[in-house]
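Assemble chain B onto chain V, guided by the hints.
Chains as they are written, first to last, in the working numbering: chain V, 778 to 1120; chain B, 1065 to 1332.
It should be emphasised that the hints constitute simulated quantities derived from the structure, not laboratory data.
There could be a bad hint or two in this list.
To give an idea of the chain B side of the interface with chain V (calculated C-beta under 8 angstroms), a few residues [claimed, not checked]:
#1 P1151
#2 R1173
#3 Y1299
A partial selection of chain B residues facing chain V, derived with a Cβ cut-off under 10 angstroms [said to hold, decoys possible]:
#4 Q1136
#5 I1150
#6 L1162
All C-beta atoms, glycine included, are put in the ideal place defined by N, C-alpha and C.
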Amino acid sequence: MTTPAAVPSGRRRRIYAIGVLSLLAAAVLGVTLGPVRIGAGQALTELADHLLPWDLSSGLSDQEAAIVWQLRAPRVVLGVLVGAMLATAGGAYQGVFRNPLADPYLLGVAAGAGLGATAALAAGLSGGVLPVAAFIGAVLAVAATYHFAQAAGGRRTPATLILAGVAVASFLTAVQTFLQQQSSDRIREVFTWILGRLSGATWSQVLAVLPYTVVSLAVLITYRRILDVLSVGEEEAATLGVRPARARLLIIGAATLGSAAVVSVSGLIGFVGIVVPHAIRMVAGPSYRAILPLSMLMGAAFLLFADLLARTVISPGELPIGVVTAFVGAPFFAMILRRRVVR
Amino acid sequence: MPRLQCRGLRGGYGPEDVLHGIDLDVAEGEWVAVIGPNGSGKSTLLRAVAGTLPTRGGILVNGDPDDASAKQRSRLVAMVFQNPVIPEGMTVLDYVLLGRTPYIPAWGRETQEDLRVAHRVLADLDLEPMVDRVLHSLSGGELQRVVLGRALAQEAPLLLLDEPTTALDVGHQQQVLDLVDQLRSTRSITVLAAMHDLTLAGQYADRLMLLVAGHTVALGSADEVLTTEHLREHYGADVTIMRGPEGNVVVVPRRTAQPPELGGGAPL
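In isolation and in its complexed conformation, chain V is listed as follows (with noise of 0.2 angstroms):
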């Protein structure tokens, strides 16, 4: 092996410029590919009709520009704000933790909206219900977990940290899995809503998640130096003037109020928030002023991609948007593992 060198600045424009139009290209396939091919001029100019106070004729039917309007751009923008934020927030994790297993679920935040989302449907209320209840569970539950992370000597470090999520994590799903097996009629919503699904997007799904994905984002752009600081240790790291249990309580509670959010619209979607971090360390180097960024472009990107796949494999069926970043995570990742490896 060659002495590695720093990330040449060149290349990571080259990457930011990778990810923009990666992430252009996915969002104009995501309106215009489907059962019905609309093409993309014609998607283009309806959406221009509907966000600029022009008024724009793209010449498709009523029923056409319903498909581009109600159905594809808010699925398109859902995928966006749940991708960007996954990965944006696996990536922190990562940093905070010093972990690379750390991903936005590792608090429990996957567990909480579980059983939240499992309880609502037992209880016999209605789907709409949903996502509150998942993103109730999920705050409670990281929420059960900071209370309990305290160590004997009254401080929270990352291991008692990462121990307490898996001790709430392995108790709510016990719980879960025992309200599964009391209302077995009820749960098929649970599962399809556990292997993820942007299907079924809605505009108003979009405004509710909107907020929270964009001061959880804003947060941990703005926070990156500080993880910076924080991988020389929590010790090191408060001689250089950061407090170390402040900086984490603050990245952690926005990432996890993102995940949250966008966990109880799109149900859990793993491999995001694991494999996109890792890429880009691996292609732009360890710095998080740069990992967050590009991770926040690139997960948009891989989901609107691995969406795409969702619903173009099996057409006019749709496969669980889970299992698509499962099985093109996994493959890619041991690849990009590989070539590290060997080079």
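What follows is chain B alone, placed relative to chain V:
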């Protein structure tokens, strides 16, 4: 006014104190070496001064009390840890720039001034040619200089060193200690260093503080502190105290076990 004043300093990691009332004044530009057997509280004292441990009693740096904010404290005190965490894949320049954190708002980024300071520090440490190298590709001696560089980039008047040369060969030990010595005269940096090697401690420090079980048992020049009596009583060591060519104190442990008989067998 002394650069560092400790008054009745107590503290430790859990409910039990490790430090039992330390009083210490260190003047501007002075180098005080903290010596003592393993577990005597040397690192704890440095951590207390750095502000990473809860303490009771007073610590004043430049007359500022220790209730200053973490950021203010990090502009006054910089610390080189004994086993620093080396972030994987980080470059020399990025690592040294972390030392500028006390001057950068949480949401901010490095300014031209921060870059200027980092490059000046790297030049002082002869590290300019390796600014873009990744930390893990450096030799032990280079890495120790880079770690020192991060602390110097903090531009703090008080520098704490925890066993700064333990892992280094004799050449690199000399290089690092000479460098610190030079910086304290050119930049009037005050140095408080925990040191294992008693001869080096006597050679470089103005005063030595012998710490035993969290108590100061001796504080003074190398001649006053490095005595056979002190070392026997507190280290349980049988040593000879000699004089080096510059009149410096040299501590040489005696070999107490009998060497085994060699070469007494049959001829080859």
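Hints and how they fare:
Among the interface hints, the one on B/P1151 holds; its C-beta lies about 4 angstroms from the nearest C-beta in chain V, closer than the 8 angstroms criterion. The interface hint given for B/R1173 holds, since its Cβ lies 6 angstroms from the closest Cβ of chain V, which is under the 8 angstroms cut-off. Because the closest C-beta pair between B/Y1299 and chain V is about 28 angstroms apart, greater than 8 angstroms, the hint is violated. Restraint check, B/Q1136 versus chain V: the minimum CB separation of about 8 angstroms is within 10 angstroms; hint holds.
Evaluation of the B/I1150 hint against chain V yields a held restraint, the C-beta minimum of about 8 angstroms falling below 10 angstroms. The beta carbon of B/L1162 comes within 6 angstroms of a beta carbon in chain V, closer than 10 angstroms, and the hint placing it at the interface holds.
Hint compliance for this structure: hint 3 alone is broken.
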